[in-house]
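Peer 1: Each chain is listed here by its residues.
There are 2 protein chains.
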Amino acid sequence: MADLKKRIDCAMKRKKCDLVIKNVSVFNVFTGKTEACDIAVADGAVVGLGSGYEGARVYDGQGSVAIPGLMDAHIHVESSTLSPEAFAQIVCAHGATAIVADPHEIVNVCGVQGAEYMKESFHRLSVNGTSPLDVYLQLPSCVPATPFETSGAVIGGRETERELARDIFFGLGEVMSYPSVLGAEEDMLRKLQAADELGKVADGHAPGLSGDGLNAYLCGGMRTDHENLTPEECREKVARGMYVQVRCGSSTNNLADVAKACDGFNFRRFITCTDDKNARDLSQRGHLDDLLRRLVAAGVPSERAVVMATLNVAECYRLKGKGAIAPGYCADIALVNDLKDFRVKATFKSGELTAENGRALFEGKRYLPDSVLGTVHVKDLSAKDFAIPCKSGKLRALGVSPQSTIVTHEEIVSVGVKNGFADLTGTGLCKLAVVERHFASGRIGLGVVKGYGFKGGAIGISVAHDAHNLVVLGDSDEAMARVVALLKKTGGGMALVSAEGEETFPFDIAGLMSSAPLEEVVKGAGDITVHAQQMGVTEGIESFMTLVFLSLAVIPNLRLTDHGLVDVNRFEIVPLEVN
Amino acid sequence: MADLKKRIDCAMKRKKCDLVIKNVSVFNVFTGKTEACDIAVADGAVVGLGSGYEGARVYDGQGSVAIPGLMDAHIHVESSTLSPEAFAQIVCAHGATAIVADPHEIVNVCGVQGAEYMKESFHRLSVNGTSPLDVYLQLPSCVPATPFETSGAVIGGRETERELARDIFFGLGEVMSYPSVLGAEEDMLRKLQAADELGKVADGHAPGLSGDGLNAYLCGGMRTDHENLTPEECREKVARGMYVQVRCGSSTNNLADVAKACDGFNFRRFITCTDDKNARDLSQRGHLDDLLRRLVAAGVPSERAVVMATLNVAECYRLKGKGAIAPGYCADIALVNDLKDFRVKATFKSGELTAENGRALFEGKRYLPDSVLGTVHVKDLSAKDFAIPCKSGKLRALGVSPQSTIVTHEEIVSVGVKNGFADLTGTGLCKLAVVERHFASGRIGLGVVKGYGFKGGAIGISVAHDAHNLVVLGDSDEAMARVVALLKKTGGGMALVSAEGEETFPFDIAGLMSSAPLEEVVKGAGDITVHAQQMGVTEGIESFMTLVFLSLAVIPNLRLTDHGLVDVNRFEIVPLEVN
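From first to last, the protein sequence lines are chains E and F. Anchor point for the first sequence: position 133 equals 396 in the numbering used here, and the numbering is continuous, going up by one each time. Anchor point for the second sequence: position 579 equals 842 in the numbering used here, and the numbering is continuous, going up by one each time.
In isolation and in its complexed conformation, chain E is listed as follows (with noise of 0.2 Å):
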């Protein structure tokens, strides 16, 4: 509950302020200008830009300029396979103030009680109730993607009735099924309907959409979209009214084409979003600052930039009291050197200072609830398991190529048959198999990769959008055999087999995240990585990062999901072999 009395008092300079900040210019994102002037600050908000605050704190700024906390309008938490906690050191110490965070990713395994977990998470991360990153959690829309896989849970239009009138969820998450959409399909209206009732945000995502079918989609509710492939797409998506999320992540780079449709008149409705962010990533590039910078290199002005990662998002999702440095609005404030380089020196949240040079300064509590461990569950399965029945010489191919690792290409390639089966020996290719992993069912989808380039060994993951079964590609069925085996002990993560033996990763976190510090977690999977590159793989194709991608049987154009083969165009399973 706020304290306004409090806070007219120190505005008023009857009593301390409990902090002020000095020595800096502010960014005003009203106004697009910057004022050298203290910041003062009681009861977890500004109180006043001036001077002549008395504070119980003094920050000294360094000349730097502050501007509001960073908003990331749209991330899975998950990608960054960091636990909540080490995610919220890195975001914060890039000045990261506010996430609105689908949890598509552990939902899909562990249901809501995943989104759960992820909300107690955060909040155990606070400090007498001021919590160093504010999370908006959104329930996924989508649970499972597709009607061609297993996911760990459903959560269908009656639950989603139920669900969504939580308060812990905030909106409705990224609609990525917009064909059952615009088909109207009983099962999403039951969804956008109950958004749409209870007054709360739907994401979109919507690659490519226009038109008739752009305007159903809106009717739907969704008002956000972060699929934007061209600037007249974005434009036209602008033009009937939806908040065009500009994206930097890890695995896309369209920023500058988003960026070219933005202008004086409509940056308005442009915010700002990483979606998927490794681990990484986050360490070396960073997370809004990086974007930040890219925005401004891409020619968008920086009080523009600026704008669209604050005061743009509050206003996209209605969160009262964020997104500018104003008498009255939380102290979220992230002290940057300049608005071209944008090198975060110190964030506050609430008034807090949370992040400084580069580090958090809370502690990531470790919170390990059952709900979350030992959520990979395969039957034992054997060499023999992996075997493809081929008669004909032919199958279907995943071709990848280092041009393009997220979209597939379908190739008909052959291969020898031996007693029955399919023989690689020569032909170059790699198996793939996507083993179920949430109820031990036993169910293995099998094909082939060509372009991959592995040799020796497997390798495999459980991270795998957006059921996240157990990826595991290979030359040899048993030593596919053998990585299932080691993820199933380490209750998931990244696994390895060659010559030389056996390596693991784990992420023991729904087998998305893991529970280790960032440092640990980014010199680990990296290790992995490499060990897994030097086995072969093609130049420019990242490991274990493009299996993450083969089974997501929403982007183009041939996926496996422990269903089998599903050519995405055609939207249905078509057999492995070909005659």
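Careful, some of the hints might be misleading.
Here are the computed lysine-lysine pairs in the PhoX-like style, where the Cα-Cα straight-line distance is at most 25 Å [what the hints assert, rightly or not]: (1) Lys523(E) - Lys296(F); (2) Lys279(F) - Lys268(F); (3) Lys681(F) - Lys647(F); (4) Lys463(E) - Lys269(F); (5) Lys523(F) - Lys296(E); (6) Lys628(E) - Lys786(E); (7) Lys583(F) - Lys583(E); (8) Lys583(E) - Lys268(E); (9) Lys463(F) - Lys583(E); (10) Lys463(E) - Lys268(F); (11) Lys608(F) - Lys628(F); (12) Lys463(F) - Lys268(E); (13) Lys269(E) - Lys463(F); (14) Lys718(E) - Lys752(E); (15) Lys463(F) - Lys463(E); (16) Lys583(F) - Lys463(E).
Calculated directly from the structure, the hints in this document are not laboratory data. Note that this is a predicted model, so its numbers are computed, not measured.
For this one, chain E is given, so just place chain F on it according to the hints.
Peer 2: Relative to chain E, chain F alone:
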């Protein structure tokens, strides 16, 4: 409840729309551009912009420009002296589809029942659940406005906590008593704290406030201000996080100064309002269409002006689905001839045609509950009740002039003394009386006015900001007593007594508004005003309108209430007689 299925089906052209508006250019508030296309409407919402839609009804826009329905961010409906139904008819004819209404006047007379009457009156205009005008009702924060007057009700901190939690109240009405905010006075704090905790918007009113005082005021939670005197003041308020309300009312004339503060970066923080607009102005000049014409004439680009009257208002007050013509938004649309003259040709609310060619198409259903009738309760008065005891022959007079009819000046004047009472014969002064009219207490405040120039009887009115006691002016004590009797008989309104006889125009609703149709109000109030002017009123002074403000004890310098003379600058009662 929105029917998302129908909207999506119509957007996809699988179903016939309810309405298609053809032959229009659509102004886009997100891009600032205009595009020629049809507007498809279903289930009260825009479902598509484009072509090829089939509609159960087709409306030919005849080449006009479609803009979102206009939104008035701050208005006291009572100031029109029109019933809510007659008010709705005229503003809808001028393109309005939403108002944020502060029933400050009627609540000062009737208490919360006055607000309930307003809500119900507007609600009864609905046809099939669709109202021609969205009314967001604020709970007045200053009832009474000062401690120096007797109002019909008192709404303190405790009542505010209770009432503000009710659904009928959208937010807290303009907090005029900014000294009590800056002083962190307990009763005011309870009101502000209630608004903050309920997440309801509090409107501001703080003319000339800046620096520490402005910061403190904003810490109290006020989000908007319509009292802005200079461009510099506007810029500071915007910079500190306020929405500046550009005002175009009947008694205000600084729109051009406010417009000067608005630029391409900050214009999103400017919103439009009329505050107080009388029936004649509404009828002859229009409503927000008049404001838009003036904004554009003052040099504000059309596309910014329209956004200020639509999207910006919706964002400021967080009104979901309002302020734009886009899929999923309410089909609240005004058709205008162009973006310079803004002649309104038709208005649609939730897709229903509510007005065309200057006339509303819905009926003004009469609703007159007992709670707002018979509100003038006065003791029977006679001439001797108006006698001013006087020994010194020197009185403190309220000075008015054609240059300054609202801000009065204090002047010590000499008068004759007869039998211990003041005698104004030959002085050119008029006598002024404010008669308490809520509780028949018999309390009268007496004073004299210089510069008004009236002779031959008396005039009086029951509209008198903010307590709405009876204000009577004359050069004859007997005529003044007769005016009070007339106002008692008519239940309030305007009254005149001269050598020719008596004349009245009743405001039967709370003594503030007439239940007659617009034309009758304009003619009736106009006629009696003309007759009053003819009784020697100084040229440039509006006879009744000046009276209305003479008891408003928050505007400098000297005022008269039923408690006596108020020195507004010293904020205390002062004696009439000077020794």
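Peer 1: State for each hint whether it applies.
Peer 2: How the hints compare with the structure:
no.	hint	result
1	Lys523(E) - Lys296(F)	holds (17 Å)
2	Lys279(F) - Lys268(F)	holds (13 Å)
3	Lys681(F) - Lys647(F)	holds (13 Å)
4	Lys463(E) - Lys269(F)	holds (20 Å)
5	Lys523(F) - Lys296(E)	holds (17 Å)
6	Lys628(E) - Lys786(E)	holds (21 Å)
7	Lys583(F) - Lys583(E)	holds (15 Å)
8	Lys583(E) - Lys268(E)	holds (19 Å)
9	Lys463(F) - Lys583(E)	holds (10 Å)
10	Lys463(E) - Lys268(F)	holds (18 Å)
11	Lys608(F) - Lys628(F)	holds (24 Å)
12	Lys463(F) - Lys268(E)	holds (18 Å)
13	Lys269(E) - Lys463(F)	holds (20 Å)
14	Lys718(E) - Lys752(E)	holds (24 Å)
15	Lys463(F) - Lys463(E)	holds (17 Å)
16	Lys583(F) - Lys463(E)	holds (10 Å)
This entry satisfies every hint, going by the numbered hints stated previously.
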